[in-house]
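> Protein sequence lines correspond, in order, to chains B and P.
Oh and the first sequence: position 12 is 12 in full-length UniProt numbering, straight run, nothing missing.
Oh and the second sequence: position 118 is 118 in full-length UniProt numbering, straight run, nothing missing.
Keep in mind that a hint or two might mislead.
Since copy identity is lost for identical chains, a pair holds within one copy or between any two.
Quick list of in silico lysine-lysine cross-link-like pairs, DSBU-like style, CA-CA up to 35 Å [claimed, not checked]:
| # | residue 1 | residue 2 |
| --- | --- | --- |
| 1 | Lys-48 | Lys-72 |
| 2 | Lys-22 | Lys-100 |
| 3 | Lys-22 | Lys-95 |
| 4 | Lys-22 | Lys-136 |
| 5 | Lys-72 | Lys-22 |
| 6 | Lys-48 | Lys-88 |
| 7 | Lys-22 | Lys-48 |
| 8 | Lys-22 | Lys-88 |
Calculated from the structure, these hints are not laboratory results.
2 protein chains.
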Amino acid sequence: MYEGPVQDLIDELGRLPGVGPKSAQRIAFHLLAADPADIGRLQDALQKVRDGVQFCQICGNVAEEQTCRICKDPRRDATVVCVVEEPKDVVAVEKTREFKGRYHVLGGALDPLSGIGPDKLRIRELLARMGADDIKEIILATDPNTEGEATATYLIRMLRDFPGLTVTRLASGLPMGGDLEFADELTLGRALSGRRTV
Amino acid sequence: MYEGPVQDLIDELGRLPGVGPKSAQRIAFHLLAADPADIGRLQDALQKVRDGVQFCQICGNVAEEQTCRICKDPRRDATVVCVVEEPKDVVAVEKTREFKGRYHVLGGALDPLSGIGPDKLRIRELLARMGADDIKEIILATDPNTEGEATATYLIRMLRDFPGLTVTRLASGLPMGGDLEFADELTLGRALSGRRTV
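Same shape as in the complex, but just chain B (with noise of 0.2 Å):
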């Protein structure tokens, strides 16, 4: 509809997740009345993820280097590991504070329709630190939804048999600040058969 360069940014902005074709035309004329610097600065980020970002050997997780800040920080748990799906689920968990251990990222989840099987995740990668170091607990925190649970399903089979070690799952239950009333009938059936003395 623009002209030239304006409707090729438009474009290709309107291509990202969540741009719809409003939010990329206003992002676009930000762009053009901005100072080159900051677009600058966005063409290099741009840059450096397309050359290539590293992952940690260990973990699999999003690194500077190597190995990870977290996998090369003494002060971390090596015996407890908490497995997620994805580098964004590592800084959820790390938000909590709670935890100290380290970190396993699969890089999704089980999904047989889109034909991810376990080759594809790093299941293989998790066997092998199994066997390396001396891990006593593994937190299985897939998504709770469908292929989060055939994945930690999977992997419950896998690891159930290993001598010594502990696997668990994230309580399921009812969101803290939520309202029984708008719960949904499976989560507030997890809370029920989940629930605790006091």
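Please build the complex by placing chain P on the supplied structure of chain B, with the hints as guidance.
Same frame as chain B, but now just chain P:
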């Protein structure tokens, strides 16, 4: 929160208007998994806009060459000029397919509190067009808000003594598909005062 280039990209994306931290993260991980050629097209589009976008010498709209397609088109009536604030307003009016004249893009609206006076808008260029072309009608299509109304009032005062010129303003009233009950008082008041015999 993330290490290295991923966090830089999230930070830069988060500076764009309408992109919150969650969206920035989502876009960054999308780009991380994207085809390098896709990132390349976005980079190219940014570079072109950074290199500078041309504006039509006549109307001030974004253009591919010195003169935009509309000002070059001999089928467009040069005697009727629709005055708008921004290039996106040209796109909005063009979408109606109702208008066969030409445009004049002011580049904003009067806003003395933000230091935007008449000298910051392309008003001088509009007067130059008045002298050069045989303009018969000027349609004031600035936004129906305080700044847009002030700009329209200013232009009406400046243009009303031009011989043989009609100055018009877009009609205010209820939006189509709207609900009378939910119209604000100002809009409903305008719709009332602008009522037409049927």
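> What label fits Lys-72 with Lys-22 when the C-alpha limit is 35 Å: within, between, both, or neither?
Cα proximity of Lys-72 and Lys-22: across copies only (27 Å, versus 44 Å in one copy).
> Evaluate Lys-22 and Lys-95 at a C-alpha cut-off of 35 Å and name the case that applies: within, between, both or neither.
So Lys-22 and Lys-95 pass the 35 Å test inside a copy (33 Å) and across (14 Å) alike.
> At most 35 Å between alpha carbons: which applies to Lys-48 and Lys-72, within, between, both or neither?
within (23 Å within a copy, 42 Å between copies)
> Between copies, within a copy, both or neither: which fits Lys-22 and Lys-136 at Cα up to 35 Å?
between (51 Å within a copy, 34 Å between copies)
> Between Lys-22 and Lys-100, at a C-alpha cutoff of 35 Å, which is it: within one copy, between copies, both, or neither?
between (43 Å within a copy, 25 Å between copies)
> Can you tell me if Lys-22 and Lys-88 fall within 35 Å by alpha carbon in one copy, between copies, both or neither?
Both. Shortest intra-copy (27 Å) and inter-copy (10 Å) distances satisfy the 35 Å Cα cut-off.
> Measure nothing new, just compare the shortest in-copy and cross-copy C-alpha distances for Lys-22 and Lys-48 to 35 Å and report within, between, both or neither.
Answer is both: 28 Å inside a copy and 21 Å across each meet the 35 Å cutoff.
> When no copy is named, should Lys-48 and Lys-88 be tagged within, between, both, or neither for a Cα gap of at most 35 Å?
Both, since 19 Å and 32 Å are each at most 35 Å.
Violated hints are absent here; each numbered hint is respected by the structure.
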